[in-house]
Amino acid sequence: MGIISALFTRKSTNFKALVDAGAVIVDVRSPQEYASGHIAGSRNIPLDTIASNADRLLKEGRTIITCCRSGARSGMAQSILKSKGIEAYNGGAWNSLDINLK
Numbered sequence: 001m002g003i004i005s006a007l008f009t010r011k012s013t014n015f016k017a018l019v020d021a022g023a024v025i026v027d028v029r030s031p032q033e034y035a036s037g038h039i040a041g042s043r044n045i046p047l048d049t050i051a052s053n054a055d056r057l058l059k060e061g062r063t064i065i066t067c068c069r070s071g072a073r074s075g076m077a078q079s080i081l082k083s084k085g086i087e088a089y090n091g092g093a094w095n096s097l098d099i100n101l102k
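Under the numbering used here, the residues of the sequence shown are numbered 1 to 102, in order.
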C-alpha cells in the first residue's frame, strides 16, 4: 500500500468504543481552525507540535485518536505518535469523527 493511500485509508475502527474505554481525541489542526469548530472534549495539539508533546501523551498512557480537517494531517500525527510508542488511530476528518462518536 502506498504512503498516500495509507494516509487516507482507515480500517473499520470502533472509535466510540475507544473513547468509551478512555481514548483521548487530539485535533491536530491550527488553533484558528480548532476555534471554528471541534469535537467536545477534544484537545488541540497542532501537527507541528505533536512530536514535542509525545512524551507527555505517552506518560498519560491513554490511546490517542487524531483528527483534522481531511485526515491527512491526522494520519501524519498518528505515524509520529506510533513511532514514539503511543497507541494511536487516525480518526480522519473531525466532523465525520464527531458523527461516528454519537
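Worth flagging that the hints you see were computed from the coordinates, not collected in a lab.
Please note: incorrect hints may appear among the correct ones.
[To be verified] Derived lysine-lysine pairs resembling BS3-like cross-links, with alpha carbons at most 27 Å apart: (1) LYS82 / LYS59; (2) LYS82 / LYS16; (3) LYS102 / LYS16; (4) LYS16 / LYS59; (5) LYS84 / LYS59; (6) LYS16 / LYS84.
Going down the list of hints, with the structure as the test:
no.: 1; hint: LYS82 / LYS59; result: holds (14 Å)
no.: 2; hint: LYS82 / LYS16; result: holds (20 Å)
no.: 3; hint: LYS102 / LYS16; result: holds (7 Å)
no.: 4; hint: LYS16 / LYS59; result: holds (23 Å)
no.: 5; hint: LYS84 / LYS59; result: holds (11 Å)
no.: 6; hint: LYS16 / LYS84; result: holds (24 Å)
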